[in-house]
Each structure stands twice: as C-alpha cells, then as structure tokens.
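> Going line by line, the protein sequences match chains Z and L.
Just so you know, our numbering puts the end of the first sequence at 142, numbered straight through with nothing missing.
Just so you know, our numbering puts the end of the second sequence at 427, numbered straight through with nothing missing.
What the hints contain is simulated information worked out from the structure, not anything from laboratory work.
Treat the hints with care, as some may be off.
As the list claims (entries may be wrong) - With a straight-line cut-off of 27 Å between C-alpha atoms, the simulated DSSO-like cross-links for lysine-lysine are:
| no. | chain 1 | residue 1 | chain 2 | residue 2 |
| --- | --- | --- | --- | --- |
| 1 | L | 340 | Z | 66 |
| 2 | Z | 62 | L | 312 |
| 3 | L | 422 | Z | 62 |
| 4 | L | 377 | Z | 62 |
All of these numbers come straight from a predicted model, not from anything done at the bench.
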Amino acid sequence: MASETVPSVVELKIPSRPEFVGVARLTILGVASRMPFSYDEVEDIRLAVGEACTTAVGRAKRSNKMDTEITIRSEISDGKLTIKVEDRAGPMPETPPVSDSPAELDEQGLGALLMELLVDEFTVEATPEGGTLVSMVKYSG
Amino acid sequence: MNLKLNTRNINDLTALIDLEGEVDVYTAPQLKQQIIGLLDSGARHVTVNLEAVDYLDSTALGVLIGGLKRLRERDGTLDLICPNPRIKRIFEITGLDKIFDIYPSEKEAMAKLKAKEEA
C-alpha cells in the first residue's frame with residue numbers, strides 16, 4: 002500500500018470526441034473507488050468528470066478542434082481528490098449562477114451547474130494554450 | 309456501454325420510450341432523433357422510461373427539456389418514469405423535478421396520462 006502522505010496521480014488523455022467520454026468516466030470511477038467515498042459520492046465524481054469532458058467535447062465540435070485532446074489528471078492526497086480536466090478547445094462560456102429556471106439553461110449551462118453542485122470546490126479558467134482548465138476537489142470523510 | 313431504445317405506441321397520440329444503459333453526449337442524439345420522429349408522426353404525449361438507465365448527463369437533460377418544450381407547444385406532455393433514486397437525484401439537484409412530471413412506475417405514469425387525456 003502506498004503511503005497516504007505521498008500523492009498518487011493518475012493521468013489520462015482522451016480524444017475530444019463523444020465516444021471517449023465514457024472512458025474518462027470509467028477511469029475516474031476506479032480512482033475515486035480508491036478513497037473512502039460513499040457510493041453516492043463516487044457517482045457524483047463520475048458525473049462531474051463526465052460533465053467536464055462533455056463541455057470540452059462540445060466546444061471542440063463547435064470550434065472544429067475535435068483533433069485536440071482532453072487531459073484528465075486526478076490526484077489523491079490526504080482525504081482529498083483533486084481532478085483537473087484540461088482541453089484546447091477554446092474558453093468555456095461564463096458559468097451561470099444556480100438558476101431558478103433550469104429549463105432555460107442550455108446543455109453547457111446545465112453541465113456547469115451540475116459540476117458546481119456535485120463537488121466541494123469548482124473553478125474554471127482559460128489556459129494560455131487557448132483552452133479551458135476545470136479544477137474540481139472532493140473531500141472524503 | 310451503449311444505449312438501447314425501444315418505442316411502444318400506446319395509441320395514435322401516445323408513445324412510451326424505454327431506455328436502457330447510458331444517456332450521455334455520445335448516445336443522447338439517438339434519444340433526440342427518437343423524440344423528433346414521434347413529434348413528426350403526430351405524437352402528443354411521450355413518456356420516457358428511465359428505469360433501466362444507469363447514467364444520465366446534461367446532454368440527456370437538454371434533449372428531454374427540448375422534447376418537453378416542443379410537446380408543450382402542441383398542448384402535449386413529456387413525462388418521465390424514474391424509480392432509480394440516483395437518476396432522480398440529478399433532476400432534483402438541478403431543479404428539473406419541478407419542470408417534469410416524474411413517476412415511480414409505468415403503471416402510475418399511464419394512469420396519470422389517461423387522466424390527463426380525459427381532462
């Protein structure tokens with residue numbers, strides 16, 4: 002068993018295409034299962050990562066950058082799972098606030114709303130490489 | 309895992325779509341096409357059965373909202389069957405449980421639909 006104090010990193014690259022988002026979800030399911038999360042928490046993480054990849058795939062399609070990759074980097078350390086999803090498919094539209102009328106949100110807005118609700122910390126930033134970096138943190142226990 | 313769809317025509321105006329598997333950015337377009345096909349053939353009441361769905365994302369929510377809006381434009385309905393608390397929770401945390409009528413079983417969904425049709 003690896004020491005709890007040494008961070009464990011798992012990194013995955015997937016093509017920015019819809020059929021590969023499920024691969025990212027399966028991987029994060031395995032990573033999150035290494036930590037003492039409840040079943041519901043693991044499912045929340047799976048959905049949040051799926052949403053981060055889905056928004057990247059959507060932007061890649063719209064900006065004709067489906068030949069780019071999405072990098073999913075997860076790090077386990079001391080009861081904390083940090084996940085960074087980085088793409089090169091352009092900036093993410095501004096995250097909408099939690100809406101009173103979710104039916105008016107488009108898929109991107111719903112995806113951002115879900116990510117915000119499912120993890121403990123959620124930030125989005127534009128990268129110098131012309132993409133988006135989504136950072137999410139989930140604490141166990 | 310892929311998505312399996314099966315459509316049952318209850319009557320000329322009413323159809324039920326059974327889904328099995330994952331509804332995500334890859335598979336949701338199949339559901340969208342199915343709903344559009346039903347709209348084109350004159351359906352007014354569509355019920356989507358999520359009983360055998362084990363994953364559903366924002367793309368699926370977007371397709372269901374789109375279907376609901378189009379059906380409401382023609383005084384129709386789009387209802388959901390969702391006994392799985394994990395899937396239902398996605399509708400609850402996003403507030404979409406207030407937009408959709410969500411039933412725990414096909415029997416209840418069909419009974420309510422019959423009452424709506426007779427109203």
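> Now, for every hint given, state plainly whether the structure supports it.
Verification of the hints:
Proposed proximity of residue 340 of chain L and residue 66 of chain Z is supported: the alpha carbons are some 24 Å apart, at most 27 Å. Of the pairs offered as hints, the one joining residue 62 of chain Z and residue 312 of chain L holds, with about 25 Å between alpha carbons and a cut-off of 27 Å not exceeded. Only pairs whose Cα atoms come within 27 Å are accepted, and residue 422 of chain L paired with residue 62 of chain Z is rejected, the gap being roughly 42 Å. A hinted pair counts as satisfied when its Cα atoms are at most 27 Å apart, and residue 377 of chain L with residue 62 of chain Z qualifies at roughly 25 Å.
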